[in-house]
Amino acid sequence: MSAWLALLRPGDWATLLLGVLTVGISFPLLWTGGQAERAVIRLDGKVMAEFPLTAAQRYTVTGPLGDTLIEIAPGRARVLADPGPRQYCVQQGWLTRPNAIAICAPNHVSLSLSGRSTSHDSLNY
Amino acid sequence: MTVSTIDLPVTRDDRRIARYAAAAIALTLAEATLPSPLPGVKPGLANIIVLVVLVRHGWRDAAWVSLLRVLAGSLLVGQFLAPGFFLGLTGALASLAVLAVTARLPTRWFGPVTASVLAAFAHIGGQLVLARLWLVPHDGVFYLVPIFAASALVFGIVNGLIAAKLLKELP
Chain H
1 MSAWLALLRP GDWATLLLGV LTVGISFPLL WTGGQAERAV IRLDGKVMAE
51 FPLTAAQRYT VTGPLGDTLI EIAPGRARVL ADPGPRQYCV QQGWLTRPNA
101 IAICAPNHVS LSLSGRSTSH DSLNY
Chain G
1 MTVSTIDLPV TRDDRRIARY AAAAIALTLA EATLPSPLPG VKPGLANIIV
51 LVVLVRHGWR DAAWVSLLRV LAGSLLVGQF LAPGFFLGLT GALASLAVLA
101 VTARLPTRWF GPVTASVLAA FAHIGGQLVL ARLWLVPHDG VFYLVPIFAA
151 SALVFGIVNG LIAAKLLKEL P
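Keeping their order, the protein sequence lines are chains H and G. Residues 1 to 125, numbered by our numbering, are exactly what the first sequence covers, in order. Residues 1 to 171, numbered by our numbering, are exactly what the second sequence covers, in order.
Chain H on its own, in the form it takes in the complex (with noise of 0.2 Å):
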């Protein structure tokens, strides 16, 4: 290991850091789609009600079904509760990243994140 140490100039060194430096910097330039700004809740494909995700607050939609009720938290949003069978849009869990939406079909009701690029058409799990 020392041997090949030793094959390395002092300023192959600097450029190393650089490299390492430019890998590093990277990843998150490229790798986020951008932050989550705002919160879209959607019945039948209309808005009802558009968050800035700054203020924890909830909101309720009153759908075919009955109510679904979201949550906002600073930076994300979340199906609390749908009256849907199968609970898959509650089970989804927090959405954090730009474009992410949870659908409630039994109830017509979608939240989707929106951020200020669109790097996605939408995300989802």
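Calculated directly from the structure, the hints in this document are not laboratory data. Every residue gets a Cβ at the ideal spot worked out from N, C-alpha and C, and that includes glycine. It is possible that part of the hints are untrue.
[Unchecked claim] A short list of chain H residues far from chain G (calculated; beta carbon distances all over 12 Å): (1) Pro52; (2) Gln91; (3) Asn99.
[To be verified] DEER-style ranges, computed between Cβ atoms: (4) Met1(G) <-> Ala3(H): 49 to 59 Å; (5) Phe80(G) <-> Pro85(H): 52 to 62 Å; (6) Pro10(H) <-> Arg132(G): 29 to 39 Å; (7) Leu167(G) <-> Ile25(H): 23 to 33 Å; (8) Leu65(H) <-> Ala32(G): 57 to 67 Å; (9) Pro106(G) <-> Ala6(H): 11 to 21 Å; (10) Ser4(G) <-> Val20(H): 54 to 64 Å; (11) Pro52(H) <-> Val101(G): 45 to 55 Å; (12) Leu76(G) <-> Ala14(H): 37 to 47 Å; (13) Val101(G) <-> Gly93(H): 50 to 60 Å.
Since the structure of chain H is provided, determine the placement of chain G on it from the hints.
Chain G in isolation, oriented as in the chain H frame:
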């Protein structure tokens, strides 16, 4: 049989370049058999030869070896004039441009590892630009930059160290 009237004088330079190019082509072929997790992520072992030639015989010889390697290597694996050939050629040209600069750095401070790492970055950089302009006209290709950059760094270091060791130990 008619005696050929064409006489191609072969100089010592030609023979030396041919020998190095043959070694580089052999490494390219050996590498082509290795499975790759992602097109473009390759060790680039032939660049070890290019680095050795650059230090021993200068940039002109290194450029010959590198470009002969791209040409003959692509012919042998059946990729001549396929997209992969142009990607490799662009990468080789970009790294040769960078090597022209690194060859002027003071050798007391900068060794083959610096040349190798910078050339590896130039290699993927050139390929990505061509891929973005021609093959994937969408910014989605840049999503892969972190993987390419990380592999360029790792293989750049490894190839540079091997080249440095060869330069030290071979007569």
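Do the hints match the structure? See the list:
no.	hint	in the structure
1	Pro52	holds (27 Å)
2	Gln91	holds (29 Å)
3	Asn99	holds (15 Å)
4	Met1(G) <-> Ala3(H): 49 to 59 Å	holds (57 Å)
5	Phe80(G) <-> Pro85(H): 52 to 62 Å	holds (60 Å)
6	Pro10(H) <-> Arg132(G): 29 to 39 Å	holds (36 Å)
7	Leu167(G) <-> Ile25(H): 23 to 33 Å	holds (32 Å)
8	Leu65(H) <-> Ala32(G): 57 to 67 Å	holds (59 Å)
9	Pro106(G) <-> Ala6(H): 11 to 21 Å	holds (19 Å)
10	Ser4(G) <-> Val20(H): 54 to 64 Å	holds (56 Å)
11	Pro52(H) <-> Val101(G): 45 to 55 Å	holds (49 Å)
12	Leu76(G) <-> Ala14(H): 37 to 47 Å	holds (38 Å)
13	Val101(G) <-> Gly93(H): 50 to 60 Å	holds (51 Å)
The structure is consistent with each of the numbered hints, conforming to all of them.
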